Amino acid sequence: MTLLNVRDLTLSFGGVKAVNAISFDIQAGEIFTIIGPNGAGKTTLFNLLSRIYRPTGGEITFDGMNITNVAAHRIAKLGIARTFQNIELFEHASVLHNLLVGRQAHVETNVLQEMLFLPSVRKRELEHRDVAERVIELLRLEHARDELIANLPYGVRKIVEIARALCTQPKLLLLDEPSSGLNPEETHDIGFWIRDIRDDLGITIALVEHDMGLVGRVSDRVMAIDQGQMVAVGRPDEVRQNPQVLSAYLGIPS
Amino acid sequence: MRRIFKTHYNQDIDLFRDGIDRNIYCGLLVILLLLPLSVGSFWLGEISYALILSITSVGLMLLTGFAGQVSIGHGAFVGIGAYANAVLLTSGLPLPLSIIGAVVISTLVGALLGYPALRLSGLYLAMATLAFTFIVEHVFVHWESMTGGFGGMSVPAGVILNYSIMEGVSFYYLCLLSAVGALLLARNILRSPTGRAFVSIRDSEVAAQSMGVNLASKKTTAFALSAGFAGLSGALLAHRIGSLAPDAFGVLLSIQLLLMVVVGGLGSLHGAIFGAIFVSMLPQIIAVFRDTLPDSLAQQPGLEPGLFGAILVAFVLFEPAGINGRWQKVKAYFAHFPMHRKATFRRQKNFTKSERFR
Chain D
33 MTLLNVRDLT LSFGGVKAVN AISFDIQAGE IFTIIGPNGA GKTTLFNLLS RIYRPTGGEI
93 TFDGMNITNV AAHRIAKLGI ARTFQNIELF EHASVLHNLL VGRQAHVETN VLQEMLFLPS
153 VRKRELEHRD VAERVIELLR LEHARDELIA NLPYGVRKIV EIARALCTQP KLLLLDEPSS
213 GLNPEETHDI GFWIRDIRDD LGITIALVEH DMGLVGRVSD RVMAIDQGQM VAVGRPDEVR
273 QNPQVLSAYL GIPS
Chain X
751 MRRIFKTHYN QDIDLFRDGI DRNIYCGLLV ILLLLPLSVG SFWLGEISYA LILSITSVGL
811 MLLTGFAGQV SIGHGAFVGI GAYANAVLLT SGLPLPLSII GAVVISTLVG ALLGYPALRL
871 SGLYLAMATL AFTFIVEHVF VHWESMTGGF GGMSVPAGVI LNYSIMEGVS FYYLCLLSAV
931 GALLLARNIL RSPTGRAFVS IRDSEVAAQS MGVNLASKKT TAFALSAGFA GLSGALLAHR
991 IGSLAPDAFG VLLSIQLLLM VVVGGLGSLH GAIFGAIFVS MLPQIIAVFR DTLPDSLAQQ
1051 PGLEPGLFGA ILVAFVLFEP AGINGRWQKV KAYFAHFPMH RKATFRRQKN FTKSERFR
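Top line first, the protein sequences correspond to chains D and X. The first sequence lines up with residues 33 to 286 when you count with our numbering. The second sequence lines up with residues 751 to 1108 when you count with our numbering.
To be clear, the hints were calculated from the coordinates, so they are not data collected in a lab. Take these hints with a grain of salt, some might be off.
To be verified - Simulated coverage check for chain X against chain D, where a stretch passes if three residues somewhere in it have a Cβ under 8 Å from a Cβ of chain D:
#1 948 to 958
#2 961 to 974
#3 1064 to 1074
Here the structure is a predicted model, which means the values were calculated and not measured. By construction, the Cβ of each residue, glycine as well, lies at the ideal position given by its N, Cα and C atoms.
Input sequences plus hints: build the corresponding full structure.
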C-alpha cells in the first residue's frame, strides 16, 4: 500500500529550483532513504513534506489525503512526525517535558478547562504520560527522564528527538540525518532502533542519511537526488553502483 | 537533601511536589492571612501593592518568561483594567462584576494585540508593544468623555454587600484572594498542555509547529491570558490610587513590569513573585537610603528611574537567572553541603542550535 505519494514536487526560491519536479512513492512499512551530496535538496524535501515550506508546484498525498496545502501544525495529527538535522529540542525543559510536547497534536482540552485543571484534564495528562513512558522505555531513556536538555550530551539529544517524534504516534517518521555527529557505536545503535521502530511499532520511516554503511544496513529502498532532481531510486546496492549517482558524488564524467 | 520517591504519575502532575512543599505553602498562606493582626496600616498597604503587582508579574511571566514573547506594553493593559473598572463602577455595576468586566475587556484587547504581533518576534515585538503603550496612553488622554483626560478620573469607592473595601484590611484580603487565585490559574496552565506549548514556542518555533502546536492560536492565548492578569491587577490598582491619570500607565510602568520579571528570574513563577516584591519595595528601600545620602545627591530628580535601570543592568550582567536563580543556587549549596560543586550552574555554551528558520 502506498502511504505517501509525491508528484512533481517543486520548490523554487526565485530562479533557484531547490526541488525540481521530484516524484516518488513511499510504501507502508518500508524504510526509505534519501541520499545526495550537500545542497542536493534533501532537507528541503523534508521541509516540504512537513509543510514548513510551501511548494511552488506539485502534489503530496498522504494516506489517501491531499496534504499539499495543510497547515504545518496539522501535519502531526495526520500522522507525520519528524526530527531535525541540527536538533530542535526545547533546551530549557526536561526530557519528559519535551516528549509530552510531542503529544500536542492529540490534546483535546482547551485552555479554560486547563486553567481550572478539571478532572478531564488530569485524565488526559495521565494518558499522555503513559504514551511518553512507553517511548522512554523503548529507547532506554529512563536515566535522562528529568534532565534538562541543555545538560545532555549530543548523542542522547539525538535519541530524545526521535523519542519526541514517536510520542506523536505517527504513521510516517521523517528522520533528518539521524547519525550526524554520532560516533560509530551510537550510529550502530541508531541502525538497530530504526529497524526496531519499523518492526515493533509498524511505523514507516523516511530518512536522509550520509553514512552509507547505515544506509545499506537499514534501507529497503534508496533514492538519490542531486541539485533538486531525482537521479536514481532502487535497492541500496543498485543505487550505490549507479553511474549517475557516482558522478553526482565524485564528479566522474558518466 | 530531600529525595522524592515517585510511585505514581500523579506526583508529577500535582500542584505540590510532596507533603512538605504543601505544608510550606499552606503555612505561608496562613501567615499572609494573619498578617493584618500584626502589621500597621502603612505596611499593609505596601504589601497589598506587592500583591497587586505580583498578579501582573505572573501574567507577564506567562507571556515573556514561558512563551518567550517580550512585551513592553503591559503598563497599557494595567491601565485598561484600571480605567475599565472605574468606568464600570461609575456606571453603577457592583464591584465584583466591574472587576470581572475589567478582566474581560483587557483580555480581549490582549487577544487583539496578539493577532498582529504573531508575525513579530524579539526586538520587533518589543517595539510593537512599546508603540501599543503610546497608543493606549494617547487614547486615555483624548477620550475625555470616558476617561476624563488629563483632568483625571476618580475611582468610586468599591463596596461589597454594603461593606467598603477601600479600608486597609478588607482591601488587603481582596488583593490576597486575587493574587492567590491568579497564581493558581497560572500554575494550572503551566502544568497542562497549553503551558508546555508556551515553552515549546519559546525554545523552538519550528519544532513546536511540527509537533502540532498551532503557533497563532497559542501566541494569541498567551497574549490574552497575560493581558487578563494585567487587567485584574489594574482594576485593583485603581482602588489603591483612587484617582486615575493617563501618565500613570505609560512606558515607565511597562518597563517596571518588565524589570520585575527579568529581575525575578525569567521562566519561573517564584521569580514572578520575587520580582513583584522587589519592585514594589524598592521605592521604600530608596527612601530609606535617601535619608542617609547627602542632600545634593538625594534631591536629584530621576534618582528612582536611574536606580531601576542600574539594577536591571546589574542583574543582566551578573545574575541573568534573576533572584529566583540566586535562590536556587543558595538552596542547592545547602542541599549538597559540603559536597557543593561550583560548576553546577555554570552556563554551557553550545554551538549546535540551528538559526535557519528564524
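Please count how many residues of the region 948 to 958 of chain X have a CB within 8 Å of a CB from chain D and say whether that reaches 3. It holds, with 8 qualifying residues against the three required.
8 Å C-beta test of the region 961 to 974 of chain X against chain D, three or more residues: With 6 residues closer than 8 Å to chain D, the region 961 to 974 of chain X meets the three-residue bar; holds.
Against chain D, does the region 1064 to 1074 of chain X show at least 3 residues with beta-carbon separation below 8 Å? The restraint on the region 1064 to 1074 of chain X is violated, since only 0 of its residues have a Cβ under 8 Å from chain D and three are required.
The structure is inconsistent with hint 3 alone, although it conforms to all the rest.
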